[in-house]
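4 protein chains.
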Amino acid sequence: MLIEKIKSEGLSHLSYLIIEGGYGAVVDPRRDCRIYMDMAYEKGAQIKYIFETHRNEDYVIGSVELSHMTGAQIYHGAELPFAYGNTASDGDVFEFGQVRLKVMKTPGHTFESISLVLYDKAFSPDPIGIFTGDALFIGDVGRTDFFPDRKEESAGLLYDSIFNKILPLGDQVLLYPGHGAGSVCGSGMADREFSTLGFEKRNNNSLQFKNKEEFVRFKTQEKHSLPPYFSRIEDYNLNGPPALEPLYPPKPMPADHFEEAMQKGMLVVDTRSPEAFAGAYIPGSLAIPLHMLPAYAGWFLPYDTDLGLIVESYQDLDTAQRYLARIGYDRVMGFLEKGLHEWAIRGKFYETIPAVHAGELQRRIRDKQDFTILDVRTREEFAKGHLPGAQHIYLGHMPESLNDIGSSRPVTTFCGSGQRAIIAASILKKNGFKDVEDCLGSVQACSRGVCELVRE
Amino acid sequence: MLIEKIKSEGLSHLSYLIIEGGYGAVVDPRRDCRIYMDMAYEKGAQIKYIFETHRNEDYVIGSVELSHMTGAQIYHGAELPFAYGNTASDGDVFEFGQVRLKVMKTPGHTFESISLVLYDKAFSPDPIGIFTGDALFIGDVGRTDFFPDRKEESAGLLYDSIFNKILPLGDQVLLYPGHGAGSVCGSGMADREFSTLGFEKRNNNSLQFKNKEEFVRFKTQEKHSLPPYFSRIEDYNLNGPPALEPLYPPKPMPADHFEEAMQKGMLVVDTRSPEAFAGAYIPGSLAIPLHMLPAYAGWFLPYDTDLGLIVESYQDLDTAQRYLARIGYDRVMGFLEKGLHEWAIRGKFYETIPAVHAGELQRRIRDKQDFTILDVRTREEFAKGHLPGAQHIYLGHMPESLNDIGSSRPVTTFCGSGQRAIIAASILKKNGFKDVEDCLGSVQACSRGVCELVRE
Amino acid sequence: MLIEKIKSEGLSHLSYLIIEGGYGAVVDPRRDCRIYMDMAYEKGAQIKYIFETHRNEDYVIGSVELSHMTGAQIYHGAELPFAYGNTASDGDVFEFGQVRLKVMKTPGHTFESISLVLYDKAFSPDPIGIFTGDALFIGDVGRTDFFPDRKEESAGLLYDSIFNKILPLGDQVLLYPGHGAGSVCGSGMADREFSTLGFEKRNNNSLQFKNKEEFVRFKTQEKHSLPPYFSRIEDYNLNGPPALEPLYPPKPMPADHFEEAMQKGMLVVDTRSPEAFAGAYIPGSLAIPLHMLPAYAGWFLPYDTDLGLIVESYQDLDTAQRYLARIGYDRVMGFLEKGLHEWAIRGKFYETIPAVHAGELQRRIRDKQDFTILDVRTREEFAKGHLPGAQHIYLGHMPESLNDIGSSRPVTTFCGSGQRAIIAASILKKNGFKDVEDCLGSVQACSRGVCELVRE
Amino acid sequence: MLIEKIKSEGLSHLSYLIIEGGYGAVVDPRRDCRIYMDMAYEKGAQIKYIFETHRNEDYVIGSVELSHMTGAQIYHGAELPFAYGNTASDGDVFEFGQVRLKVMKTPGHTFESISLVLYDKAFSPDPIGIFTGDALFIGDVGRTDFFPDRKEESAGLLYDSIFNKILPLGDQVLLYPGHGAGSVCGSGMADREFSTLGFEKRNNNSLQFKNKEEFVRFKTQEKHSLPPYFSRIEDYNLNGPPALEPLYPPKPMPADHFEEAMQKGMLVVDTRSPEAFAGAYIPGSLAIPLHMLPAYAGWFLPYDTDLGLIVESYQDLDTAQRYLARIGYDRVMGFLEKGLHEWAIRGKFYETIPAVHAGELQRRIRDKQDFTILDVRTREEFAKGHLPGAQHIYLGHMPESLNDIGSSRPVTTFCGSGQRAIIAASILKKNGFKDVEDCLGSVQACSRGVCELVRE
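Chains A, B, C and D supply the protein sequences, listed in that same order.
Just so it is clear: in the first sequence, position 432 is 432 by our numbering, and no numbers are missing.
Just so it is clear: in the second sequence, position 50 is 50 by our numbering, and no numbers are missing.
Just so it is clear: in the third sequence, position 393 is 393 by our numbering, and no numbers are missing.
Just so it is clear: in the fourth sequence, position 327 is 327 by our numbering, and no numbers are missing.
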């Protein structure tokens with residue numbers, strides 16, 4: 001019996017392949033789903049079952065294509081009118097080899113959420129593991145804000161699912177959640193991807209409330225970000241997304257073609273490091289460092305526009321294309337062949353964004369210089385400490401908040417480390433702000449004694 | 001300027017990717033054509049042109065799918081009514097970067113054959129290379145027997161193409177032919193894949209005839225094999241073959257499923273080594289060692305039947321599937337998971353074919369034992385030397401010649417090394433012959449002094 | 001916090017790399033230890049600590065070389081005079097990032113055995129995991145027979161270690177043992193490589209005894225195999241083994257060179273499948289199918305002899321070389337280039353071993369034919385059921401038991417599936433037995449109703 | 001017969017592996033020489049011969065280590081007192097399979113230079129190829145300036161070698177030189193790595209002189225760069241360099257450790273793109289973009305100093321380490337884990353170098369602003385066209401020419417594309433220049449109409 005965890009970086013999405021006795025099952029496959037088939041086949045196993053713990057919002061599910069590849073049957077909860085697959089009811093049992101998977105309804109995060117309890121038939125009857133989807137994470141529980149008018153109901157359901165169904169399975173049960181640290185589907189998750197129900201019961205902060213009321217109160221007051229791309233994905237995951245394969249790599253484009261395509265509306269996404277973007281970038285391009293694509297592209301990119309990429313190396317192309325495909329962006333036309341270097345030697349115009357050290361910001365604040373510090377972190381991060389006088393706009397909300405930022409004086413973008421700050425800086429530049437800097441290091445540099453923070 | 005040679009083993013098919021200045025051209029792409037796109041893109045080049053030197057007979061051309069992947073334009077000769085692509089006329093010039101490719105009509109092998117002469121514009125006007133397709137090989141020239149009623153015309157055209165058009169380009173010209181040693185498209189090719197027109201002019205046996213008459217006489221008397229699958233491929237290559245991608249790997253099948261599928265008509269192709277097949281095989285399966293699939297599968301496999309594979313390792317699966325796809329076989333359903341071992345431990349029946357040393361055959365011949373030596377090499381090989389009393393049937397012709405082989409006495413299959421012999425042995429067994437052995441080593445072992453050969 | 005399990009197939013040895021906050025620790029590294037460095041460096045982590053849970057007997061430890069590569073410090077228990085590294089005492093704590101590893105003395109399997117208890121400092125004080133070495137496995141406990149005159153003491157110590165130290169850590173603790181199913185270091189291990197203390201407490205058969213006395217009685221009566229190579233490895237692991245790198249691949253050897261080397265004493269190990277060996281093999285060679293090298297090579301190969309390999313593919317070479325190096329065999333000189341095929345076409349002599357179906361054995365037994373069935377499984381396996389009249393000699397004991405086997409009548413080797421049987425058959429042939437067959441399928445085929453077994 | 005060309009990028013060094021009939025030969029192996037063994041072994045060939053066409057100056061030869069790996073014999077010319085290997089004399093013949101290699105003395109570039117003429121014994125007696133080392137390149141001939149007091153003699157010898165020995169082999173001969181375009185061992189080489197003697201005879205500019213006198217005059221007037229590291233390599237290549245394996249990857253170093261090591265003398269080489277370096281860099285570090293390491297590291301790096309790397313990705317580390325090892329730098333200690341990002345979030349100080357567009361330089365020149373344009377290209381490039389008023393110092397000579405550059409006014413570095421300019425800019429910053437910019441695009445951007453150039 002083998003459990004392989006397949007992680008989608010950036011989304012912190014965790015999916016699982018369970019293999020036993022020549023057969024396999026997949027829990028919550030991602031869109032580029034060939035990996036499950038390849039891993040299973042290489043171990044001589046046919047994938048027989050695909051389970052969706054719930055209709056996911058933050059990534060495109062790969063069930064339909066994986067089913068087409070392998071002939072596996074898809075199962076999901078009953079409470080949504082899925083356009084594909086079969087319904088799994090509480091208590092349903094699926095077996096292959098020594099594996100027994102038992103369906104347990106665990107609503108709360110969504111109403112059709114299910115968990116899958118794992119038994120080793122050679123060692124029954126104790127359960128050995130549970131796949132909880134977005135019900136219970138390591139260090140956190142699922143969010144319950146997707147149905148704004150049923151928040152209390154959702155939180156209450158989640159409480160019952162966790163305390164009355166999941167935790168009673170026993171301290172010894174291994175926990176296999178649907179997300180790890182870094183996901184938008186929860187905060188406070190541990191930077192550790194292994195745990196047990198027993199460990200969580202005593203150490204997961206969200207499980208330490210005195211009673212259901214306190215739990216519900218806490219959950220209904222939680223604030224989570226709701227990127228605009230969720231609605232597209234909810235539609236995909238209810239009705240079945242378009243097939244990904246055959247997937248051809250983006251075309252290499254010479255500088256002249258790239259420029260022409262931009263003039264015809266192609267949106268340029270520059271996935272290089274903040275330093276490289278700051279050093280030279282194409283006017284009009286949007287900075288989203290490669291590893292931030294999964295989490296931030298959905299805030300800024302329209303679905304009906306061609307995309308052109310700027311990457312640091314050919315190897316990054318495939319990553320960028322997959323990251324975008326996982327959240328439903330399929331219109332990557334090409335990439336700027338040889339990157340900025342090519343652009344520069346063709347004599348084309350480029351711009352720079354000066355990087356400014358946090359210590360220098362501190363000095364300017366003391367000197368009472370006239371400039372804007374634009375802090376684009378979340379409200380929670382901002383609340384924990386920020387530079388004196390900083391203006392706060394969450395990065396994801398910048399597109400609709402540009403008018404709130406004075407463009408007549410210099411703007412320095414600021415965040416946790418300087419990465420979201422470069423995205424913010426590129427948005428400002430794209431929208432006509434002239435005098436923009438980004439603070440590489442940002443609040444983390446401050447925490448090393450470089451500058452002082454204040455709290456509201 | 002870069003020329004990459006992409007070789008399809010087994011078919012000895014040579015295709016080429018020429019890259020220069022951000023663009024590329026492909027000559028005679030194979031069906032699994034992603035490799036050209038990948039190589040070009042990784043070097044920052046868009047493929048702009050795809051050339052077919054002629055309508056190939058021995059492998060499925062990848063032009064249409066590669067064009068779909070990359071947007072490249074397809075060009076081929078004018079004398080056939082291709083259902084896709086554009087016509088290239090004598091003297092047409094295609095340029096990218098410093099590359100100049102000039103079309104030269106070189107009929108003979110087929111009537112629409114073209115060659116492509118390569119110039120480096122930075123060093124014009126001497127040509128530096130030529131892509132000759134099946135007109136001129138290294139050590140041989142193309143066959144001219146595809147139009148049985150126009151053999152003399154074909155041979156004469158080929159003579160003119162080579163002597164009046166290709167060779168006059170100059171001794172310094174590098175030769176890039178469509179096949180290397182081992183192809184069914186010629187014999188006598190050198191076991192060396194680099195040459196020049198000057199070297200060929202003086203060393204290629206087929207270019208040493210006194211005059212055109214002698215050349216034509218020789219070519220019209222040549223005998224070549226004509227596998228039945230050529231007609232399917234000619235149709236594909238005229239009208240465009242089905243797309244290969246997305247290509248899913250064959251499914252792992254447990255022994256029980258495999259057996260069931262066999263009972264429903266699945267044909268089993270066992271690609272293991274002759275020793276392994278001889279050691280234990282599934283009754284009814286056909287032995288074709290992996291590297292012989294491209295050359296021999298087309299003689300024996302129907303196109304409208306499901307195929308099941310037996311392989312030595314998971315790595316061989318992809319190779320087997322590609323080898324079959326290159327000659328148009330797309331119905332590979334699955335493979336026997338864990339191979340013969342699995343079959344044996346499930347208690348299922350297997351058989352063996354005793355391997356017999358050539359020295360033992362020699363002894364039996366001397367002892368005048370009553371048995372058949374079935375030599376399945378080509379007529380030319382057989383003529384050069386064979387065991388006394390051996391019966392000759394070319395391997396490819398076995399299916400229709402089984403009645404010529406006496407089944408009442410033991411049969412020992414014999415060939416060059418023992419590989420074709422195992423294919424032959426498996427065909428005999430499949431057709432009810434009881435007492436079959438194969439001679440591992442065969443004529444090559446004899447040539448080490450193990451046994452004596454006679455000539456007719 | 002990341003835990004990577006690195007498994008050495010065949011030995012079923014489990015080692016671990018723990019990464020956190022830019023640093024790493026390795027538990028029980030194998031000899032080809034670059035993998036730990038590569039994995040750590042790629043994730044930006046320096047390996048700081050290497051722990052040996054005990055002086056291993058069944059594989060060469062890679063601590064010294066890994067320490068040399070990375071600068072990491074080695075720690076092991078105090079009760080043996082190791083020639084390298086440092087002593088770890090009960091209660092010692094090692095920390096990096098959020099990781100806390102606490103040393104817990106858990107003697108029993110050996111006297112210097114330690115376990116390492118893992119804490120996540122962000123979630124103290126509950127332990128989250130434990131690395132138990134050979135104290136506690138998933139489904140079994142460590143063997144206690146290495147000190148024949150102190151067996152009771154050993155078993156008692158192990159009981160105390162498990163029941164009074166390990167299990168009290170709590171049901172929620174993840175279990176990371178030193179071996180998985182298939183190891184010679186225990187039997188009855190689960191075919192599942194994840195578990196928790198809570199699950200083991202209730203489901204591990206070796207933990208279900210009524211009291212310490214029963215546990216000790218059971219352990220002192222257990223029988224385990226003791227391959228002769230253990231003593232070499234114990235010496236290596238006490239004093240530090242020779243460095244493995246730079247490791248050059250075995251040389252390709254033409255058939256003539258290979259034959260010459262054999263004549264000079266090179267021992268040939270044929271790692272092909274049982275079917276392929278049976279189909280044709282070189283007289284004098286020893287069959288050990290590739291995946292069985294780790295478990296069986298140590299029974300038959302001397303350390304002071306050159307070894308020559310026969311492999312199915314070039315890819316298998318590296319695997320074979322590593323498998324041998326992991327148990328201390330460094331004298332792999334070369335491999336037979338192109339394998340048996342090359343041997344056969346050079347006219348050299350080969351032999352075959354007929355495979356015989358279990359059903360045919362059944363028939364012969366019924367017909368009271370005069371032949372020996374040589375069953376080479378373990379005594380336990382034999383006791384559970386065997387063919388009527390079968391002679392039992394454990395495979396590992398064959399070299400010293402050849403005289404017990406009658407060579408005057410046919411011998412059919414028999415085991416669980418036909419794999420150990422081919423090793424046995426090759427040993428018989430090497431030692432002059434003329435009439436030898438092996439039963440592919442063996443007892444597993446019987447269990448499908450093919451033949452009847454008897455119990456003693 | 002197979003010839004594989006192994007190219008060392010950056011050095012544009014071309015080495016060759018010839019394989020035939022189970023044996024192989026290598027011409028001019030590079031220091032990281034496992035690739036030759038691996039390629040040969042994988043094709044079943046033992047390397048039997050290693051040839052050095054001459055004592056190379058620009059890269060460390062791998063002969064000794066490759067010989068140690070494989071047992072191959074080393075051969076080189078007679079006129080130098082090599083501390084290893086054997087002497088090859090004019091006319092010596094080496095054969096394996098159908099390959100015949102004949103030694104031809106071709107002095108000129110160095111006095112012990114040899115070429116190797118390749119024959120296919122199946123097609124004798126015409127030669128089919130020649131390995132010319134640094135005697136004849138594609139589009140150029142070898143430099144003859146290494147013995148300053150014997151320049152005329154050298155040039156005369158080279159003329160004789162080429163015109164009286166090499167070219168008479170025939171137009172049809174394939175040319176396999178020791179370097180391709182981009183090497184410091186010649187200029188004017190074609191950007192094409194295949195040619196023949198016939199093509200070169202008519203198209204290689206250096207072969208178009210009227211007579212020997214003109215050839216010698218031209219060659220004695222040529223100017224080539226002579227990097228200081230050549231002397232170290234000449235010593236290595238005469239006496240045998242230290243073995244490279246086992247080669248461990250550079251250690252990941254947290255920012256604090258990296259800073260400490262710098263304070264203790266570690267020299268930091270930043271291999272990121274010019275844009276990234278410009279965007280943020282560590283004060284004191286030297287910029288050498290990755291692909292420029294082979295050509296430029298030898299100008300600036302001392303051999304007796306620890307080196308620390310900054311790379312764009314983990315994949316680049318191995319490349320950087322190899323590039324350095326190929327020219328003898330073995331003291332790469334580690335790399336800055338997570339790169340500049342890590343540096344910045346630790347609050348450590350970084351600097352930036354503004355990139356300036358060529359069009360902006362043009363404007364400043366017109367406005368007669370007071371600043372220095374420092375053009376660091378070669379004298380020949382500078383002579384062909386440069387910005388008005390630009391100061392010329394060749395990049396390699398900057399360390400000893402810093403006093404010639406006024407530090408009181410702004411300096412903008414300038415080169416062909418902006419890459420050498422970033423190296424120059426980093427050297428200026430390292431040496432206390434305050435106001436430094438680099439012109440991304442440089443002269444190539446100008447050539448697109450962005451700015452006007454003047455000639456001297």
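One or more of the hints may lead you astray.
Taking lysine-lysine and the BS3-like style, the derived pairs with C-alpha atoms no more than 27 angstroms apart in a straight line are [to be verified]: (1) K7(D) - K43(B); (2) K7(B) - K7(D); (3) K338(B) - K121(A).
Derived by calculation from the structure, the hints in this document are not laboratory data.
- Message: Flag every earlier hint the structure violates by its number, smallest first.
- Response: Violated hints: none; all satisfied.
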